[in-house]
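Q: Please model the entire structure based on the sequences and the hints provided.
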Amino acid sequence: MNPWHILALARKEFLALLRDRRSRIIIIVPPILQLFIFGFAASYDLDDVPIAIYNPDGGSVSRELVARFEGSPHFSIRQRLGADDQVAPAINNRQVLMVLRFGPDFSSRVLQGRSAPLQVIVDGRNSNTAMTALNYVRELVLAFNRDLQQRRGQPLPPVQLTVRAWYNENLQSRWFIVPGIIGSLLLVVTLLVTALSVAREREQGTFDQLLVTPLRPLEILIGKSLPGIIIGLLEATLILLLMVYFFEVPVRGSLPALYTGILLFLLATVGVGLMISSIALTQQQAILGTFLFIVPAVILSGFTTPIANMPEAVQWMTTINPLRYFLVIVRGVTLEGDGFALLAGQFWPMLPIALTTLTLAGWLFRHRMQ
Amino acid sequence: MTPRGRRLLGMIRKESLQILRDPSSISIAFVMPVVLLLLFGYGVSLDARSIPLGIVIEQPDTTTQSLAGAFERSEFFAPRRYGSIQQAQQALAERRIDGVLWLRNDFSRRALRGDTAPIGVFVNGVDSNQANITRGYIQGTWLAWLQHVAGARGRPLTLPVALEQRIWFNPAVSSRLFLVPGLIAIIMTMIGSLLTAMVVAREWERGTMEALLVTPLHMAEMLFGKLVPYFLLGMGGMLLSVAMALLLFDVPLRSPLWLLAGSSALFMLLSLAIGLLISIVTRNQFLAGQVALVVSFLPSFLLSGFLFDIHSMPQWVQTLTYLVPARYFVAMLQTLFLAGPVWPVLLANGAAMLLMLVVLTVAVVRKSRKRLD
Chain A
-5 MNPWHILALA RKEFLALLRD RRSRIIIIVP PILQLFIFGF AASYDLDDVP
45 IAIYNPDGGS VSRELVARFE GSPHFSIRQR LGADDQVAPA INNRQVLMVL
95 RFGPDFSSRV LQGRSAPLQV IVDGRNSNTA MTALNYVREL VLAFNRDLQQ
145 RRGQPLPPVQ LTVRAWYNEN LQSRWFIVPG IIGSLLLVVT LLVTALSVAR
195 EREQGTFDQL LVTPLRPLEI LIGKSLPGII IGLLEATLIL LLMVYFFEVP
245 VRGSLPALYT GILLFLLATV GVGLMISSIA LTQQQAILGT FLFIVPAVIL
295 SGFTTPIANM PEAVQWMTTI NPLRYFLVIV RGVTLEGDGF ALLAGQFWPM
345 LPIALTTLTL AGWLFRHRMQ
Chain P
902 MTPRGRRLLG MIRKESLQIL RDPSSISIAF VMPVVLLLLF GYGVSLDARS
952 IPLGIVIEQP DTTTQSLAGA FERSEFFAPR RYGSIQQAQQ ALAERRIDGV
1002 LWLRNDFSRR ALRGDTAPIG VFVNGVDSNQ ANITRGYIQG TWLAWLQHVA
1052 GARGRPLTLP VALEQRIWFN PAVSSRLFLV PGLIAIIMTM IGSLLTAMVV
1102 AREWERGTME ALLVTPLHMA EMLFGKLVPY FLLGMGGMLL SVAMALLLFD
1152 VPLRSPLWLL AGSSALFMLL SLAIGLLISI VTRNQFLAGQ VALVVSFLPS
1202 FLLSGFLFDI HSMPQWVQTL TYLVPARYFV AMLQTLFLAG PVWPVLLANG
1252 AAMLLMLVVL TVAVVRKSRK RLD
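If you read the sequences in order, they're chains A and P. Counting in our numbering, the first sequence runs from -5 upward without gaps. Counting in our numbering, the second sequence runs from 902 upward without gaps.
No wet-lab data here; the hints were simulated from the structure. Ideal Cβ placement from N, Cα and C applies to all residues, glycine included. One should not assume that every hint holds.
[Said to hold, decoys possible] A partial selection of chain A residues facing chain P, derived with a Cβ cut-off under 7 Å: (1) 115; (2) 154; (3) 227; (4) 306.
A: Here you go:
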């Protein structure tokens, strides 16, 4: 193996990639821009849930409860309904997410020491948003009940629940999503850089020329991998800095462990990219292959929905998805304060992925010709 | 037949042949939606079941047993007992369990004496959404147990305000019902823009564009001729997806089929126009593919309101979401499937898509005047 061969090829690859201004832009600007936009956009937390209130009671207790909703940052009262038949249109037309309907005898029942029902009607078109909003309502009503019982000297329930969240103490979904965005963006960038590199040369006929040079397949493989890995490392660092200083996600664990994870992840994704590229005969096929890999890899990685909720068969399929392991590593290092010991189980599965895909790519260089 | 009609037909025929000969377009339109919808329809779920929960009971007796039993019988939890809180916390740190329920040794004594006895609960908060759901389930199980115990002692628990929740359109709170229509919108966005993004770029790259330019074909005719076969392909994919949603995932369709077809056609045109614009501007397959990937997948996944509530985004991001066509289609699909023909929602989103389509068409026509450079 001749290091000068590799360097020369890597240099040529960099030039091919960065010479065109538009393609320079496309591998640098979108990831940063997307981190900003998605970092702000992607959150399961709800602020100012639009609600409507139908309160034919008007007594002191219901007014006090409504005031609590007004004071909460989670809710914003958009409408006060005057009649029962206004409830359905308000929900159907998506003017509000929720309607609180008090009974006409609400306050008097509470004052008599009886239980008064409060009906909450939620738009279930997005059932996750509906459940989150209902959770907020439940918390608020639980606290209201406790205050009422204390104030009126009634006995509290004999057992109380105190819930503490570890690692993400305020349960901000941004802390969960932003590290996930890093993984997805890195995946997209490295695949964009590598997946077309062989296919383009094949289509233009220059790959055959490369094969008749003294370069050996292994040297071609390394030379073609280097740009993806180097660009990936630089971009990962940039995105991590933004995450820490801009989105204020803490890094509680070991940075060397994180970079080990990044490097393994880049090796695996570069391998996948080169494999797709060397299977494809045209650029169009390479782009298609990239799509067909990226989309399931992102959606089935645990980025937004947990792997534990998937059926057995799909969970089993995710074991060949490098993003799955990388996301646990990023979240483990940032939020949970993990080091090498707790992450070993996430490091090693990326090695066989990288080895298999890179070997296959190198073999295909010579064995797939039109 | 007029010369114009003949020219158009010829163009459509040429494009159709090209599609038929290169299997990749057909696989984009038919294989991709089936594979992706199968994977995601089954794979993407926010409904937690059998959450691994560690239970630590420092002094077992009948009260703690009945509380632990309530958690063991629940379909939401798969409890495991740990001998000490340290062991349980270690398991939590190693991600073997998602939460810990801790009953201290004075638990039953305080509960019986009428003091309030605290249950300590720790949840792994990294995935805050799941942590919230877990907390909700724990609270629900706890409240039900309280009511059960109070009833057994003959002193039913009266809570001053009792919540009665009604979840409209999806009473069983199955996340699949809203995720599947949203996934259809995302899959269609990608298919539409991918189908056309590569097409015109390929003609420029291979030099066949010059050949087309010297024919008497007008640019508008050429674009139209290119669009028709891809539109039909895309609608075929859409039909497959809807059939799968109805038959395989049991998503109810509460609106007439023609409304669904109409809004899908509008959306498909919009996606194709985006792809066309990309390929006309870039004139290079490499770039066209990259741009299509960057503008279609992640934005429609994260900014469409498919998973993340648009209302809760900062104002400037909300403004940006108006540029994401999937935003309108997700809202329409979720309403069409789950709620029924709610005209204010359909008209507002349909009008927005129409406006985008007009703007894009103007942009495409302007950018694609016949010229060589």
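Q: Need the list of violated hint numbers for this structure, in ascending order.
A: 3, 4
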